[in-house]
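Each chain is listed here by its residues.
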Amino acid sequence: MHCLQGRSSFLSFPKLRSIFWRLHHTTASRACSCSKTVSDEKYQDPFKLGRKDLKNLYEDIKKELLVCTAELREMCEYYFDGRGKAFRPMIVVLMARACNIHYNNSKKFTLLWLLKGKWEVQASQRSVAIITEMIHTASLVHDDVIDEANSRRGKMTVNQIWGERKAVLAGDFILSAASLALARIGNTNIVSVLTQVIEDLVRGEFLQLGSKENENERFAHYLEKTFKKTASLIANSCKAVSILGCPDPKVHEIAYQYGKNVGIAFQLIDDVLDFTSCADQMGKPTAADLKLGLATGPVLFACRQFPEINAMIMRRFSLPGDVERAREYVLQSDGVQQTNYLAQRYCHEAMKEISKLRPSPERDALIQLTEMVLTRDK
Amino acid sequence: MRFRQLLRALRGGGRARVAVAGRRGLLSAPGSAASWSKVVSEAEKLVGYPTSFLSLRCLLSDELSNVALQVRKLVGTKHPLLSTAREFVYDNQNNLQMRGLVVLLISKAAGPSSKVELSSQPDMVSGIYSSQRSLAEITELIHTAFLVHRGIVNIGELKSCDGPMKDMQFGNKMAVLSGDFLLANACTSLAQLQNTKHRLFQDEIEANNLVVELISSAIGDLVQGIYYENSTLEETRLTDDIGISTWTEQIFLSHSALLAKSCKAAMELAKHDAEIQKMAFHYGKHMSMSHKIHLDLQPFIKGNSTDSVTFSLNSAPAVLHQEFLGREAWIKQIREAQGAGSILDYTKLQEAIKAGKGVTSAIDLCRYHGNRALEALECFPPSEARSALENIVYAVTRFS
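Order-wise, the sequence lines are chains A and B. Adding 149 to a residue's 1-based position in the first sequence gives its number in the numbering used here. Adding 93 to a residue's 1-based position in the second sequence gives its number in the numbering used here.
Careful, some of the hints might be misleading.
As the list claims (entries may be wrong) - Within a straight-line C-alpha distance of at most 16 Å, the following computed EDC-like cross-link-like pairs (lysine to aspartate or glutamate) qualify:
| id | chain 1 | residue 1 | chain 2 | residue 2 |
| --- | --- | --- | --- | --- |
| 1 | B | 259 | A | 297 |
| 2 | A | 212 | A | 230 |
| 3 | A | 440 | A | 473 |
| 4 | A | 234 | A | 194 |
| 5 | A | 197 | A | 269 |
| 6 | A | 201 | A | 296 |
| 7 | B | 138 | B | 368 |
| 8 | B | 266 | A | 292 |
| 9 | A | 361 | B | 155 |
| 10 | B | 171 | B | 255 |
| 11 | A | 440 | A | 220 |
| 12 | B | 266 | A | 402 |
| 13 | B | 266 | A | 296 |
| 14 | B | 259 | A | 296 |
| 15 | A | 204 | A | 269 |
| 16 | A | 204 | A | 223 |
| 17 | A | 212 | A | 223 |
| 18 | B | 208 | B | 368 |
Just so you know, these hints were derived from the structure itself, not from any lab.
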């Protein structure tokens with residue numbers, strides 16, 4: 150798992166091609182301003198760039214989950230079936246490469262660093278991707294118990310199949326395995342950064358428990374919860390790989406800000422889709438968040454036009470008919486548009502940040518990703 | 094048969110040490126609860142402050158205050174979280190914070206390592222480094238987190254006598270959240286273990302990471318141990334067909350691994366060598382095994398208690414009883430004790446076990462582990478802290 154890729158086929162054709170591509174782009178773009186993207190060779194799919202690094206992602210995660218009891222292992226491996234899009238690990242490896250290139254590009258240009266494959270993802274950076282996905286999955290397993298969910302990603306939840314007791318244990322085990330893998334990287338700084346995520350995830354869940362009476366506080370509360378539950382993971386994992394790839398604290402901040410902004414945007418769009426995807430597709434509402442008593446972006450915006458929603462928010466949409474009424478208000482209001490607009494602003498911020506890095510295909514992929522976050526339809 | 098050999102060894106080895114220790118009042122103990130409290134309170138003086146405050150900082154957080162408020166809604170329901178919370182607040186047995194106390198004591202008993210220059214050592218308070226104190230707290234946090242996580246109920250298996258499903262779901266939610274919160278705090282504290290102002294030297298960084306590895310692996314052990322525990326709780330599977338050696342392995346995971354590895358980690362933090370670390374590990378391991386067996390024996394030892402008896406069919410006396418009797422005869426006894434509707438008459442079963450050799454051999458096993466724990470302490474120089482650790486062993490091997 151930890152061997153560097155590409156070393157064995159030192160001058161293979163694909164590798165040569167890659168080297169010359171980079172040679173061309175580094176010399177060509179050194180002069181131009183960093184804020185422009187390298188436009189001519191726009192990758193259709195930014196995910197392609199990270200695919201090689203993530204090829205054995207799920208297999209490697211499973212290796213970390215070695216446990217004697219067959220059933221416990223089965224539970225832990227349940228979501229690492231390769232069906233997820235691995236969005237988070239993808240961002241992590243792209244960021245890793247972008248930072249590696251940024252740093253190595255700053256040195257006096259020599260052919261040597263190209264041949265050495267200095268843009269390749271380091272073993273420790275790849276570990277961060279793995280750990281990130283494990284932490285994320287552990288939190289999902291627990292969230293499903295908390296929300297009493299019975300399906301996720303098109304199949305039954307762990308708690309639905311094996312019961313809540315074992316599901317909670319499985320989540321704990323994945324977390325402990327992630328923590329072990331984290332310690333093995335051997336970098337106390339990285340341990341702190343990623344441990345922060347674990348804490349934020351829990352605090353985010355708690356924020357969801359409570360509610361603010363004051364309308365003004367509500368939005369700040371919502372954004373804080375969104376950061377802790379979704380964005381912190383992406384922000385801190387980006388920061389972690391940047392630390393491993395480059396000593397410059399400015400780069401760490403860029404990586405962190407990119408992750409944070411993309412993460413928040415991602416969740417905002419998720420919240421929008423909870424209202425709109427149902428309307429388009431089945432005509433039957435899902436409104437999962439409302440059913441859980443949660444007031445998300447579209448609802449909070451709609452509140453400004455329809456103050457009646459306030460009372461419903463306070464009682465967490467618990468009375469019969471609340472969910473349907475709230476949903477209708479939202480669709481009548483500009484709540485969805487406002488939330489979309491807000492997401493756009495976060496994406497723009499992310500784009501601004503990442504553009505501060507020196508050009509590379511990976512940097513451009515990350516820029517493209519911000520656009521993809523906005524246009525996804527689940 | 095390996096088991097018989099083990100028993101012979103227990104009886105032979107156990108008696109000698111116990112006789113020596115008898116001078117300490119092993120056989121003339123007034124009552125286990127009182128002496129246990131005494132042992133604990135004297136130990137607490139040695140380590141500088143009452144360990145009941147160990148997790149308090151965490152409890153004062155907004156999040157847990159919120160949970161406490163919510164848990165009040167559970168009053169009147171049957172969710173296990175309520176009893177866990179109650180035990181936490183009204184700790185009669187002083188069983189709480191025992192692990193933290195042991196970690197502090199062993200840190201003090203081991204003292205500073207001879208390898209490290211006095212001038213470059215961080216400060217000690219009451220003979221304990223702040224990183225070791227932090228570790229003691231982390232151990233308690235993890236232990237408590239899993240006490241809470243053990244109290245989750247399977248919604249699908251609820252019966253009408255368990256009360257409204259809504260209450261149980263709510264209880265589950267609180268239990269998952271508060272357990273996760275405690276675990277997250279433990280992880281954060283682990284990450285900050287040697288957060289000193291000066292630059293960490295390479296070996297300190299390594300020590301830190303080793304400690305994080307040890308404790309993370311202990312969490313994994315705990316999960317696996319509880320998983321086994323769960324399997325034996327399922328009513329459809331009356332009792333597992335496991336022998337005492339498998340039982341020991343599983344109990345190690347669920348009840349010993351955490352303390353054993355914490356003790357070892359505490360030595361690592363003080364940069365003690367491998368031998369000391371190993372002995373600390375053994376103390377933690379055997380002392381907690383002893384403690385578990387001691388707890389298992391309580392329903393069988395308490396004199397003429399008229400309280401309704403329940404005990405786990407997976408407790409030490411029951412497992413040993415089965416080992417002696419053979420599986421078939423044991424199953425027969427269980428069936429005989431089952432009344433109408435498969436409800437187990439625990440009193441009847443208790444009598445059956447008492448009539449056999451399960452109880453006496455459990456006592457022997459308890460003392461065997463106690464002796465192993467005492468042996469491990471021999472590598473530490475005599476001190477009050479070491480005596481306190483010895484007293485703990487005496488307290489858990491005392492059966493009056």
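Evaluation of the provided hints:
no., hint, result
1, B:259 - A:297, "holds (11 Å)"
2, A:212 - A:230, "holds (13 Å)"
3, A:440 - A:473, "holds (10 Å)"
4, A:234 - A:194, "holds (13 Å)"
5, A:197 - A:269, "holds (15 Å)"
6, A:201 - A:296, "violated (35 Å)"
7, B:138 - B:368, "violated (28 Å)"
8, B:266 - A:292, "holds (9 Å)"
9, A:361 - B:155, "holds (14 Å)"
10, B:171 - B:255, "holds (6 Å)"
11, A:440 - A:220, "violated (32 Å)"
12, B:266 - A:402, "violated (36 Å)"
13, B:266 - A:296, "holds (8 Å)"
14, B:259 - A:296, "holds (12 Å)"
15, A:204 - A:269, "holds (14 Å)"
16, A:204 - A:223, "violated (21 Å)"
17, A:212 - A:223, "holds (13 Å)"
18, B:208 - B:368, "holds (14 Å)"
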